[in-house]
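**Q** Using the sequences provided together with the hints, build the complete structure.
Residue numbers (my numbering), protein chains in the order written: chain V, 1 to 278; chain W, 1001 to 1789.
Derived from the structure by calculation, the hints contain no laboratory data. Be aware that a few hints might be false.
Unchecked claim - Across the chosen pairs, the derived CB separations fall in these ranges: (1) W:1769 <-> V:230: 36 to 42 Å; (2) W:1779 <-> V:135: 53 to 59 Å; (3) W:1761 <-> V:138: 29 to 35 Å; (4) V:28 <-> W:1779: 58 to 64 Å; (5) V:135 <-> W:1657: 41 to 47 Å; (6) V:48 <-> W:1779: 40 to 46 Å; (7) V:230 <-> W:1679: 55 to 61 Å; (8) W:1646 <-> V:135: 52 to 58 Å.
Unchecked claim - Below, simulated SDA-like cross-link-like pairs (lysine to any residue); rule was C-alpha separation at most 25 Å, straight line: (9) W:1779 <-> V:196; (10) W:1730 <-> V:131; (11) V:192 <-> W:1640; (12) V:192 <-> W:1775; (13) V:192 <-> W:1712; (14) V:140 <-> W:1745; (15) W:1730 <-> V:137; (16) W:1779 <-> V:111; (17) V:181 <-> W:1753; (18) V:140 <-> W:1732; (19) W:1730 <-> V:135.
Fair warning: this is a prediction, and the values are worked out from it, not measured in the lab. Ideal placement from N, C-alpha and C gives every residue a C-beta, glycine not left out.
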Amino acid sequence: MKVNIPMQKNKTGVSDQDLARNRKEINESLRYASYIQKALLPSPQTMKKSLTEHFLIFLPREIVSGDFYFLAQRKNQLYIAVADCTGHGVPGAFMSILGLTFLNEIIHHGNPPSAAAVLNQMREKVMNAMQQTGDDEEQKDGIDLALGVVDIETNQFNYAGAFNPVYIVKKNRLLEMLGDKMPVGIAADEEKPFTDHYCELDDGDLVYFFTDGFVDQFGGPHGKKFKYQPFRSLILTISSLPIHKQKEKLMGIFNDWKGNLQQLDDVLLLGWRYHRNN
Amino acid sequence: MALPPEQLTTKQTEKMRLRAFRIRNYRSIIDTGWCFLAFDNITSLIGQNESGKTSVLEALKSFSERRISDDVLRSDLSYPIIECTFELENETFQSILSKDRLPDALIAQLENKKEFNLCCEWIDSKTNKLTIAEPSIINFFETAEKKKEEEENRISKAIADLYDSTNVVIHEMEIADRAKQEARKTLNDVTQLLEDARKAINKAKKPDFQIIAQQEFEKAKMLLEEKEKDFNDKLQIFDDKKMMTQEISEKVSVCKTFTELNEHAKQLDDQIARKYSQLRDAEHYHDLCSNEKERKNSAQRLEQLRSEYQQMQKTSAEYHEQLIIKKRIAFLVLEGKKFRDAEVESTVEIENDKRYMTLEDIARTMFDYIPVFEFFEDFSSLLPNKIDLEDLLHESGAVEGYKAAQNFLTIAGLNADFFREKNQRILKQKIENLNSDITIDFQDYWSQNVGKDNKIRLNFELEHYDYTVPEKSGKPYLEFWIKDNTERLYPKQRSRGVRWFLSFYLELKATAKSNHFNRVLLIDEPGLSLHARAQEDVLKVFEDLKDKMQILYCTHSPHLVDPSKLYRVMAIQRADEDDERSETIVMDAKSLHEASSDTLTPIYSLMGARLYDEQLIQQKNNILVEDSVTFYYLTAISKLLDFEGKVFFIPATNESSIPVLVNILIGWKLDFMALIFDTPEKREIADWIKKSAFIPSEEQPQKKIMLAEGFPKIEDLFSTIDFKKFILQKRTGITESNSTYIESNGLSRMILVTNFLNYLRTEQTDLSGFDDETRKNFKTVFDRIKKAL
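**A** Written as structure tokens, this is what we have:
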């Protein structure tokens, strides 16, 4: 006997089939968007050419990422940035495109700017683009960013950061360069100039750029955040390993830590062993 | 004098500018020093009456004509020396002086030279010497002259040595001759001895005696050989000495010819000098002759003397030409050349040298290229009421008003063909059209009205004499009118001022139209009889024509001085203003502050109150800035920096009025600097001030005219963050320069600076409140100011 069972509809009147079809279309769009996002990021070949011995851990939380990394060379200055835009997924991805575009514009215009000068100019561009004026009710979107500028002739490393620090391991000692506590975007109270920090890189020094996705990940036996202190110890521990091993180790530790819990945020971690005459 | 215009070739009409002059010993002028004309072709000489302004113009006229009158001589009777520096604009020395008439070494030195100096020095009231003072040329000729002198000295010394050595050689020859004679005698004796020995052998019977005789014979034979050799040696010595004597004799002969010719030439030069003196005396006597008979006799005598003088000069020239050749031959012979070879070589050399220009030739050639100096005499040629067409077409210069009428036709672009038009209606229409054009052009300059609205109009008409003038009946003439709406009057019926201006306008316009060559127009007190406004019209004419000629004029009218262009002014005054007999001194634009108040009266009148009495402006350390907004910012910043230098910022109305303020401060003897921000237009203004306020070679412009490089406006000294915080007082993204942001958002700079000053006051902000970038920029600018103080 044939029984016609009527289609199930939810309270909004949209069927499950419709929902599934919409989700599929959205995911396809997002997947396509992720290709575009990947196209804007430096290619592995470019990374290999400029950084030689490095690893990159890039784990978007969703199909598209709010984190991005950037690489450019201008005369004898090598610019490396790792950034975390407000939000993740689509909003973050849009911001990341803005961030990449602005970095390109600033670095390739006029004389090669210092790291702090780049961040200062980038902030103006973000504020202008997002029409941020500091009103209470406006969205305070911004970008947390660590930017390093390496002078490959003098081996000088110049860093400026919007929240995001940079770690340098020199002769088994970890040097932490801390950024300013304000984003690239409208600040909580008042914009101030970003600060330039300098040090000299020796052959074999390791430089680590990262967003907070790794350290903010919940997990472990008690479901807590990984946090910065253990992360610093981890970095110091793995720094003696070959670069590709470092990546494996970090991936392993991250996955172990996360376990079955959902990835909280985009994860981006760039490690680079510096060689003079790179 | 410089060639009259009609004789100039196209080449000679290329541009050359008078750059500077120096006048010595001309009336009240002892030495003006070098005075530079304004770079934009209008230079004014201001000064009181009897200060010597006109003397400057007349001296330049004398230079151009190479003529002076006795009344220009100073009381010490020293003769004038007038120098002018000219600038070659498009030409070079090589294009003016043809290359094949200059030695290669000189051509190389003149490469790229663009200036030269001509000096006209009077030897007496009728004679002057023209020289060129271009250092390369002078050096070249001085070196050549020095070489010639050295050559002459060497010849003189060589001749002296030659005479000494001649005696020695002759003496040696005599000794050699005696020695030769002695040797010959000895030889003869020994020959005889040998003969005797031979005879003795023949005579000897016994073998012992034969042996002895043979031995004696052998001895004699050996001795003979010896003596023969000795004789030959001595003969050779004698021959050598003889040859030397002959050579020296030849040299002596050549040198003697040269020496005699030299002496003769010197004697002739002395005679010429005496003849010249006689000629001068005769000329002076001729000038003093009072009656016709005396004058006639004197003229005959003068003619004779002139003829003799010219003949002597001609003979002297020939002698000198010969002398040059003989000297050269003597030199070469003394160097060891054979006479024939020396003769050929020196002839070739001298022929080559002849084609080269001398220093005098170069001076004369360059003089022919200099601009025409024209002295404008105001009432020398007024527009007549009428003039016969025949006189115009036949260039009857003596006819009254001919020059002005000719100028009129030149401006109208008319020539004889115009008046050959047979159709009277067409001719009259053409004349009407021309009158309209001429009037419109004239009215551009003559801004005054007759009565309320009436502008004056220039007209000419072609008429024919009627029966009332029987000798000219039917002949054409031109009639000139100066019309307004109510009347038509002949030029002579108009005011003196209008007639002067018209004459001046016609002269300058006609001159400008015939723009084949350069002119320097010297004008003494233009527009003396003109109303103040009309005098400003005179300035307008100058401005319009300055690209076509250089104008140098005297005035004591403030209306003929442009206050924004004080670099054009030279002040002329007596060294001791209370003594009219004291020398005239000239001060250029940079030294105007040294001139007396009376001399600078035109400028003072123009500028009103003496600004330096006010607190705003001080004697020193005045810094001109482009506007009041900049003034306020800089004042505030200097306080923030606690700037220790005492400076006084003076705001202009905008950057383009800074040059006017510069001129005013120069005129008021006040020290100044200017701080100009960095845009292409402002850089041009800075360059203009450097050029017009300073002589180009000075280092001071770099120090006094400060460019805030990299900052288009004062607001750009602030970093973006500080600009938003202190000035804009708004949080927003600014992706352009601060000044561009202000402009693109239509913000008021005055309101912004007020915000800034209020903020500083209310928040009591000090320098530490600004970020590094802002502080660094403030310091950069104020360090520059400090360095300039």
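**Q** All hints, please: hold or fail.
**A** Hints and how they fare:
1. Under the hint 36 to 42 Å, the C-beta atoms of residue 1769 of chain W and residue 230 of chain V, about 41 Å apart, fit the expected range.
2. The hint said 53 to 59 Å for the Cβ distance between residue 1779 of chain W and residue 135 of chain V, and at roughly 36 Å that hint is violated.
3. With their beta carbons about 31 Å apart, residue 1761 of chain W and residue 138 of chain V fall inside the hinted range of 29 to 35 Å.
4. Against the hinted window of 58 to 64 Å, the Cβ-Cβ separation of residue 28 of chain V and residue 1779 of chain W comes to about 59 Å, which satisfies the hint.
5. The hinted range of 41 to 47 Å is satisfied by residue 135 of chain V and residue 1657 of chain W, whose Cβ atoms lie roughly 43 Å apart.
6. Judged by the Cβ atoms, the range 40 to 46 Å given for residue 48 of chain V and residue 1779 of chain W holds: they are separated by roughly 45 Å.
7. At roughly 57 Å, the beta carbons of residue 230 of chain V and residue 1679 of chain W sit within the given window of 55 to 61 Å.
8. A hinted range of 52 to 58 Å is violated for the C-beta pair residue 1646 of chain W and residue 135 of chain V, which are about 46 Å apart.
9. Note on residue 1779 of chain W and residue 196 of chain V: the hinted pairing holds, with a Cα-Cα distance of about 21 Å set against a maximum of 25 Å.
10. Distance hint between residue 1730 of chain W and residue 131 of chain V is fulfilled; the C-alpha atoms sit about 12 Å from each other, no more than 25 Å.
11. Restraint check for residue 192 of chain V and residue 1640 of chain W: the C-alpha separation of about 20 Å stays at or below 25 Å, so the hint holds.
12. Between residue 192 of chain V and residue 1775 of chain W the CA atoms are separated by roughly 14 Å; this keeps the pair inside 25 Å, and the hint holds.
13. Restraint check for residue 192 of chain V and residue 1712 of chain W: the C-alpha separation of about 24 Å stays at or below 25 Å, so the hint holds.
14. At roughly 24 Å between alpha-carbon atoms, residue 140 of chain V and residue 1745 of chain W fall within 25 Å of each other, so this suggested pair holds.
15. The hinted pair formed by residue 1730 of chain W and residue 137 of chain V meets the criterion: a straight-line CA distance of about 16 Å does not exceed 25 Å.
16. At roughly 22 Å between alpha-carbon atoms, residue 1779 of chain W and residue 111 of chain V fall within 25 Å of each other, so this suggested pair holds.
17. Using a Cα cut-off of 25 Å, the hinted pair residue 181 of chain V and residue 1753 of chain W is violated, with the two alpha carbons roughly 31 Å apart.
18. With a C-alpha separation of about 12 Å, the suggested pair residue 140 of chain V and residue 1732 of chain W falls inside the 25 Å cut-off, and the hint holds.
19. Restraint check for residue 1730 of chain W and residue 135 of chain V: the C-alpha separation of about 11 Å stays at or below 25 Å, so the hint holds.
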